[in-house]
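S.K.: Sequence:
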Amino acid sequence: MKRTTEQYFRFPRQLLNSPAFHALNINELRAFFRIMEEHQSKSGFVKDGLVVTRRDFIAAGIHPKHAKGTLLVLGALGIVKCTRSRGGSANGRTPNMYAPTFLPRDPTKNDDATHDYLEIKTPEEAERRAELHRYHEKRKDRISLPRMRKLQVVSAPSIVSTVTET
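Throughout the sequence shown, residue numbering follows numbering that gives the first Met the number 0, covering 0 to 165 in sequence.
Simulated from the structure, these hints should not be mistaken for laboratory data. Mixed in with the good hints there might be a few duds.
[What the hints assert, rightly or not] In silico SDA-like cross-links for lysine to any residue, where the CA-CA straight-line distance does not exceed 25 Å:
no. : residue 1 : residue 2
1   : K120      : D110
2   : K67       : P94
3   : K46       : K64
4   : K64       : G74
5   : K120      : F32
6   : K46       : C81
7   : K67       : T52
8   : K41       : R83
9   : K46       : E118
10  : K80       : D47
11  : K46       : K120
12  : K120      : L150
[Claimed, not checked] If you anchor each label on the Cβ, the simulated ranges turn out as follows:
no. : residue 1 : residue 2 : range
13  : I25       : R92       : 56 to 66 Å
14  : T107      : I57       : 27 to 37 Å
15  : L150      : G60       : 40 to 50 Å
16  : E124      : P11       : 52 to 62 Å
17  : D105      : N16       : 23 to 33 Å
18  : L28       : R148      : 43 to 53 Å
19  : S154      : N24       : 49 to 59 Å
20  : I57       : T113      : 45 to 55 Å
Heads up, the beta-carbon is just placed ideally off N, CA and C, and yes, glycines get one too.
Between the sequences and the hints, there should be enough to build the whole structure, so can you do that?
M.R.: Below, the structure written as structure tokens:
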């Protein structure tokens, strides 16, 4: 039995049974659980979002090549909402913030969870949305540029001036 001092979050059965959750692959599940781990470390407060960096996702086991596509899929399926915050720091680099849509932003309120993943009704629609955002080595829109020829090294004739002293 859980003690009242332990941290927990309400994991809705609607999410577990939704086609959106069943469309996730292993990298997307790892990213989801890393965001939930950050939620637990903040004692259940989401507010504007949870700060999870790319390094955190890579440390959670996501290959660096799949990190961006994984987060795009979670957003497209409505499981996680990403708010980008690019300003406000001295060097101009602040991390993205992620908020699960099935959790309220404030634990004292229960009515501000959006449950965006419920818009997806069929597994086919969930797979279609996920495949649109999974772009890794299967990308077909990359332009194949012609290979550049190596530059030939041309040596200039050395001009040796002969100076005669008189």
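S.K.: With reference to the structure, classify each hint as holding or not holding.
M.R.: Here is what the structure says about each hint:
1. K120 x D110: Answer holds: K120 to D110 is near 22 Å, not above 25 Å.
2. K67 x P94: holds, 13 Å
3. K46 x K64: Violated: K46 and K64 sit about 29 Å apart, past 25 Å.
4. K64 x G74: Within the cut-off at roughly 18 Å; holds.
5. K120 x F32: holds, 23 Å
6. K46 x C81: Within the cut-off at roughly 13 Å; holds.
7. K67 x T52: Within the cut-off at roughly 11 Å; holds.
8. K41 x R83: holds, 19 Å
9. K46 x E118: holds, 23 Å
10. K80 x D47: holds, 10 Å
11. K46 x K120: violated, 28 Å
12. K120 x L150: violated, 57 Å
13. I25 x R92: 56 to 66 Å: Check failed, 29 Å falls outside 56 to 66 Å.
14. T107 x I57: 27 to 37 Å: holds, 34 Å
15. L150 x G60: 40 to 50 Å: holds, 43 Å
16. E124 x P11: 52 to 62 Å: violated, 20 Å
17. D105 x N16: 23 to 33 Å: holds, 26 Å
18. L28 x R148: 43 to 53 Å: At 46 Å between Cβs, range holds.
19. S154 x N24: 49 to 59 Å: Once the Cβ atoms are compared, 56 Å apart, the range 49 to 59 Å for N24 and S154 holds.
20. I57 x T113: 45 to 55 Å: violated, 28 Å
In summary, the numbered hints that this structure violates are 3, 11, 12, 13, 16, 20.
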